[in-house]
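Visitor: Sequence:
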Amino acid sequence: EHVSSSGIRHPVKPKAVVSTQSTGAVYQLLYQFPVSFEFNDHYLVTLYDMLTAGKFGTFLGNNERSRIGLAERTFSIWGYFWENIEKFLNPEYGVSSRQLELGDPGSMLEVSTESRDIVPWSTMYCRYDITRHTSDQGSNACGDK
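Numbers 1 to 145, taken from our numbering, label the letters of the sequence shown in order.
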């Protein structure tokens with residue numbers, strides 16, 4: 001619970017960070033396997049932003065009961081993505097000489113969890129860093145040169 005400056009106690013609803021963790025994990029997959037995903041990281045950033053802004057009803061509610069009637073009162077995020085699909089397509093998708101085939105045991109993505117292979121998601125976490133866009137000397141807080 002939270003106590004305000006006037007001494008009034010307010011219950012604090014727990015907030016899940018699942019959307020942040022999930023989109024971040026998918027970004028790591030996208031980074032390690034750039035030709036394996038049809039969408040780009042702009043798609044993931046937009047998905048995260050729309051999830052947290054509550055502009056669409058697609059992911060609202062904590063359970064099935066709380067989602068009853070939401071489809072009639074809200075818009076689906078998937079319609080937005082289909083209308084703007086060109087912005088979210090990965091131009092590198094499928095440009096590999098080794099195409100993955102369904103059912104092939106060797107077609108699974110072998111994800112590396114080594115720290116050297118996990119990279120900061122600068123498109124997400126550094127997008128408001130003005131030095132990233134204006135500085136041409138050395139590296140900035142986001143590690144760009």
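Mixed in with the good hints there might be a few duds.
[Unchecked claim] List time: in silico SDA-like cross-link candidates among lysine to any residue, alpha-carbon distance up to 25 Å: (1) K55 with S6; (2) K55 with E83; (3) K55 with I77; (4) K87 with R116.
Bear in mind the hints are in silico, worked out from the structure with no lab data behind them.
Visitor: Confirm or reject each hint.
Guide: Status of the hints after comparison with the structure:
For the hint pairing K55 with S6, the CA-to-CA distance comes to about 33 Å; that exceeds 25 Å, so the pair is violated. Restraint check for K55 and E83: satisfied, since their Cα atoms lie roughly 16 Å apart, inside the 25 Å limit. Restraint check for K55 and I77: satisfied, since their Cα atoms lie roughly 8 Å apart, inside the 25 Å limit. Restraint check: the Cα-Cα separation between K87 and R116 comes to about 30 Å, which exceeds 25 Å; the hinted pair is violated.
In summary, the structure is inconsistent with hints 1 and 4 from the numbered list given earlier, while agreeing with the others.
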